[in-house]
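**Student:** Given the sequences, and given the hints that come with them, work out the whole structure.
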Amino acid sequence: MTGPKSDADVNTTDGARNRRVTGIGRVLIAVYGLLALAATGRSFVQIAESFADAPLSYSLSALAAVIYIVATVALVRSGRGWYRVAWVTIGFELLGVLVIGTLSLVEPDLFQHKTVWSVFGRGYGFVPLVLPLLGMWWLARRAPGRA
Amino acid sequence: MIEWFAWAQIVVAVLAGLLCTGLGLFGRRPTDLSMGATALVELLLLAQLVVAIAAPFTGNNPSGSVLEFYTYLISAILLPVGAATWALIERSRWSTVILGGACLAVAVMLYRMLQIWTVQGL
Chain F
1 MTGPKSDADV NTTDGARNRR VTGIGRVLIA VYGLLALAAT GRSFVQIAES FADAPLSYSL
61 SALAAVIYIV ATVALVRSGR GWYRVAWVTI GFELLGVLVI GTLSLVEPDL FQHKTVWSVF
121 GRGYGFVPLV LPLLGMWWLA RRAPGRA
Chain S
148 MIEWFAWAQI VVAVLAGLLC TGLGLFGRRP TDLSMGATAL VELLLLAQLV VAIAAPFTGN
208 NPSGSVLEFY TYLISAILLP VGAATWALIE RSRWSTVILG GACLAVAVML YRMLQIWTVQ
268 GL
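Chains F and S are the protein sequences, given in the same order. Read in order, the letters of the first sequence correspond to residues 1 to 147 in this note's numbering. Read in order, the letters of the second sequence correspond to residues 148 to 269 in this note's numbering.
Please keep in mind that the hints were generated in silico from the structure rather than gathered at the bench. Please note that a few of the clues may not be correct.
Unchecked claim - To spell it out: a stretch of chain S is covered by chain F in this simulated footprint if at least three of its residues, at any positions, have a beta carbon under 8 Å from a beta carbon of chain F; those stretches are: (1) 214–220; (2) 226–234; (3) 241–249.
We put the beta carbon where it would ideally sit given N, CA and C, even for glycine.
**Tutor:** Structure representation (C-alpha cells):
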C-alpha cells in the first residue's frame, strides 16, 4: 500500500458526492454508529433478561437505541429528506438526554434502572449529552443547498 | 476469560487505538501498519471468543450475565470489521482515526467483559 499519504485532494472529490460524509464528519458518524451499537446491545440484554423489572426504563433504552440507529443512517444518507430526519432524531436525542437526565436526578424512583440517558449519560462518559450538540453543529454547517 | 490474556488484549487494543488515532491525526491514510494493528486486535478478539467458549469446560465460569458478556463480545468483534471496511471504502485520514476509535472502544468493552466475568454477580 504505497501512494501519497496526505488526503487533501480526496475530501474535495468525496464532498461533491455527499456533503455530509466528509472530513471530520466521518468521525462523528462513526461515534454515532458506536453509540447506536452500545444502546442496542444494552437494551437487548435488559429486555431479554429482566424486562419485567423496569418496563419504563427498558422501553426507553430500546427507543433510544432505535433513535441512534435512525440518526446514524440519516447522517450517512444525502438529500433533504434525510437531512430533516437527522435534525428530528438528533433533536429528540438532546431532548431525551435533558429530560431523562433531569428526571433521573429529581425523581430517582422513576428510573432505578439505568438507561443511556440517565444522569445525562454519565454511564457513557457524557457522550450522549455532547453528541447531539456536535451533531447539530455539524448539520447546521452542512445544510443542503448552502454554498 | 483468562485474566492475564484479557489484560494483554486490553493493552494491545489501547496501543493499537492510540497508534491509529495518532497516525490519523497526523494525516496518514490507512496503511498496512494501521490496518495490521486493527487486524491484530480482531484476531485477539476471535481468540477471546474461543477462550470464552472453552473456559466453562475447565471450570472457569463467568460470575455475571452470560448474555451480557456475549453481547459485548459479539459487538466488539464487529467493531474492527466495520471500521476496516470503512477504511477500505474511504481511504482518508479520518478512516485511520476511526480505526483507532474502534480499537479504543474494544479496549473499554474488554474491560467491561472482564468485570462481568470476574466480579459481577459475586
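**Student:** Decide, hint by hint, whether the structure agrees.
**Tutor:** How the hints compare with the structure:
no.: 1; hint: 214–220; result: holds (count 4)
no.: 2; hint: 226–234; result: holds (count 4)
no.: 3; hint: 241–249; result: holds (count 6)
Of the numbered hints given earlier, the model fails none.
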